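Given next are the chains, with one letter for each unit.
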Amino acid sequence: MKMITKAVLLTSVIALAACSNKSDFEGDDFTDLNASSGANAGANAGIIPGSAGDPTSIAFFQQSVGDRVLFEVDQSSLTAQGRATLDGQTGWLMTNSDYTAIIEGHADEQGTREYNVALGERRANAVRDYLVSKGVPSSRLRVVSFGKERPIEVCSAEGCYAKNRRAVTVLAAGLTG
Amino acid sequence: MTLRVLIAVLAIFTLPFAALAQNGPLRIEITEGVVEPMPFAAPNFVAENPAANEFAERLARVVVSDLAGTGLFREVPRDAYISQITSFDAPVQYADWKAINAQALVTGAVNVNGNSVNVKFRVYDVFSGTEIGSGLQFAGTTQGWRRMAHKVADQVYTRITGEQPYFDSRVVYVSEQGPKDKRRKRLAIMDYDGANVQYLTGSEHLVLAPRFSPTGDRVLYTSYETGFPRIYVLDVGSVQRRVLESQEGSMSFAPRFSPNGQTVVYSLASGGNTDIYRMDVASGSSTRLTSAPSIETAPSYSPDGSQIVFESDRSGSQQIYIMSANGGEAKRISFGNGRYGTPVWSPRGDLIAFTKQSKGRFHIGVMRTDGSEERLLTASFLDEGPTWSPNGRVIMFTRETQGASGASSLYSVDISGRNLKRIPTDGGASDPSWSPLQR
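As they're listed, the protein sequences go chains H and F.
According to this note's numbering, the first sequence is numbered sequentially starting from 25.
According to this note's numbering, the second sequence is numbered sequentially starting from 1405.
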């Protein structure tokens, strides 16, 4: 028997510095919200600008208007409750015209990764289309889907899934170019 | 944050050995269903010089791990040995190996000179007292010693099963850290058995579903680097990446290379509709392949590049379809109960692996390309995302456990449905993509 195999060896070592960038989402601008309920913050309360008592604030939008709508399993059609929330969002966005928004679509964990990205995009667009139909300029809205990648509730039960099947209207100050 | 990544690229070129003797009596016919693994012995390799001592046992251990890991072979415990192998060229005492019922015997020798390693091996059919194939020799480096063990095991596997090898291969995947609602993900690459992990990206941006190019030199993946999902291509050697698809106002994901590596097929979502596109990598020009109002995603080419299998919910639920690589009419192939997604064409062309959801459970399964002979290989709370071993015998996939502390890991299973096992990874892991056999 023969030892017949020759081998050639090539080794290269390449060191590379990966880029760094700021966090890509998670709403870094929205920390330190005043915990007090907007509903209890009367005109005499001495409203702190930017707090939940300030009706032009992001906190007010999140807590009193409602920044999210929920969806049935594998559905992207808006519920009656969802439409009511979006009517509130429309009113707020029309009044506070300096804000743009990214609508984030999400899915629960019961589904494959790619399908859930597509499903989240459907949900985000259902919200976007509704807001535009009610008069919000489409130039102020963008959509993104996170599929099942960003659950807010972590249990594996319908109580959590129902909250994760959502589209969240995330505000940003200033019109984008 | 700066991440420094060291990648060692090791290329071993082997000449085909002249005397293929694969018609001996010692043979595992995998297709007939192996119930009882074949007992074999692989004693420590013979160290031919002092510098080789540290590799003598390690090489044999990896060979054993590769072979036993298939479920087709079983190692005879070393404390049963009657003979020891102290010389690579001395005649084998077959009676001593017969007595402990080792049907196959793998012997090896290693020689280390500075950074270079030379490995020789032979495979014996103990009961017929003959050598299977010829002795073979590989050269490599001390850092690349595991690859040399995989090469040896690949040869043994091929000579005894008649199947193509797969041990000398890598897996690119998503490494996961942190709790379920704040999970951090980054791309990682490792040997097929979980060794030699290297990170290809940082975890500051969400990344999904890396996919190897047909030669294993590039990886397609989806990153949220811009805040929106977009397809990137990363060079494994240099770790340089560039965005491949960046159409404003849309999202792109689920990319895969064509078999010739010149085209990428992927999904683009815009205006609430996801369709399949293909892009010429060199020119960047893209062509739309589907135009239904439903979700079309997870495309995968046939090995000859002429067809694409994908999933669509055009019927009302996720099902698997096949169309021409140029688009046009698609034929549904999945008709069982439940939802079918993430189809992947096997490298042999005969099977489609998929994820199935049925009655609240997830399965990895395979079916023929006409949808017949569906077989489910796994069942759990959440299994998804199959990828094929280079020889089409094994499927790796993601398994996620349920509940608040749920985490992902990589598992593999033989296409017979046997030999389900977890691939060891440091922390959570998902979305594996198996490389071709390394050259």
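Heads up, some of the hints might be wrong.
Label-pair ranges, simulated between beta-carbon atoms [claimed, not checked]: (1) F/S1719 with H/P161: 22 to 30 angstroms; (2) H/G74 with F/S1719: 46 to 54 angstroms; (3) H/G159 with F/G1753: 49 to 57 angstroms; (4) F/G1753 with H/D122: 52 to 60 angstroms; (5) F/G1665 with H/A108: 48 to 56 angstroms; (6) H/K187 with F/R1478: 48 to 56 angstroms; (7) H/G74 with F/L1824: 53 to 61 angstroms; (8) H/S162 with F/G1720: 23 to 31 angstroms; (9) H/T103 with F/E1440: 30 to 38 angstroms.
With a straight-line cut-off of 30 angstroms between C-alpha atoms, the simulated DSSO-like cross-links for lysine-lysine are [stated by the list, open to error]: (10) F/K1763 with F/K1825; (11) F/K1763 with F/K1735; (12) H/K187 with F/K1825; (13) H/K187 with H/K158; (14) F/K1735 with H/K187; (15) F/K1735 with F/K1586.
Note that these hints are calculated values from the structure, not bench results.
No experiment lies behind these values; they were computed from the predicted model shown.
By construction, the Cβ of each residue, glycine as well, lies at the ideal position given by its N, Cα and C atoms.
Each hint, compared with the structure:
1. In this structure the hint that F/S1719 and H/P161 lie 22 to 30 angstroms apart at CB is violated, the actual value being about 37 angstroms.
2. Look at H/G74 against F/S1719: about 49 angstroms separates their beta carbons, and that is inside 46 to 54 angstroms.
3. Remark: the range hint 49 to 57 angstroms for H/G159 to F/G1753 is upheld by a beta-carbon distance near 54 angstroms.
4. Taken as a hint, the range 52 to 60 angstroms holds for the pair F/G1753 and H/D122, whose Cβ atoms sit roughly 57 angstroms apart.
5. Checking the proposed 48 to 56 angstroms range against F/G1665 and H/A108 shows it holds: the Cβ atoms sit about 52 angstroms from each other.
6. One distance hint, 48 to 56 angstroms for the beta-carbon pair H/K187 and F/R1478, holds here, with the actual separation near 49 angstroms.
7. At about 54 angstroms, the beta-carbon gap between H/G74 and F/L1824 stays in the expected band of 53 to 61 angstroms.
8. Separated by about 30 angstroms at the C-beta atoms, H/S162 and F/G1720 satisfy the suggested range of 23 to 31 angstroms.
9. Checked against the given bound of 30 to 38 angstroms, the beta carbons of H/T103 and F/E1440, roughly 58 angstroms apart, lie outside it.
10. Proposed proximity of F/K1763 and F/K1825 is supported: the alpha carbons are some 24 angstroms apart, at most 30 angstroms.
11. For the suggested pair F/K1763 and F/K1735, the alpha carbons sit about 25 angstroms apart, so the restraint of at most 30 angstroms is met.
12. Between H/K187 and F/K1825 the alpha-carbon distance is near 34 angstroms, which puts this suggested pair outside the 30 angstroms criterion.
13. At roughly 25 angstroms between alpha-carbon atoms, H/K187 and H/K158 fall within 30 angstroms of each other, so this suggested pair holds.
14. For the given pair, F/K1735 sits about 36 angstroms from H/K187 by alpha-carbon distance, which is inconsistent with the 30 angstroms threshold.
15. At most 30 angstroms may separate the alpha-carbon atoms for a hinted pair to count; F/K1735 and F/K1586 exceed this at roughly 40 angstroms.
Taken one by one, the earlier hints fail for this structure at numbers 1, 9, 12, 14 and 15, listed in ascending order.
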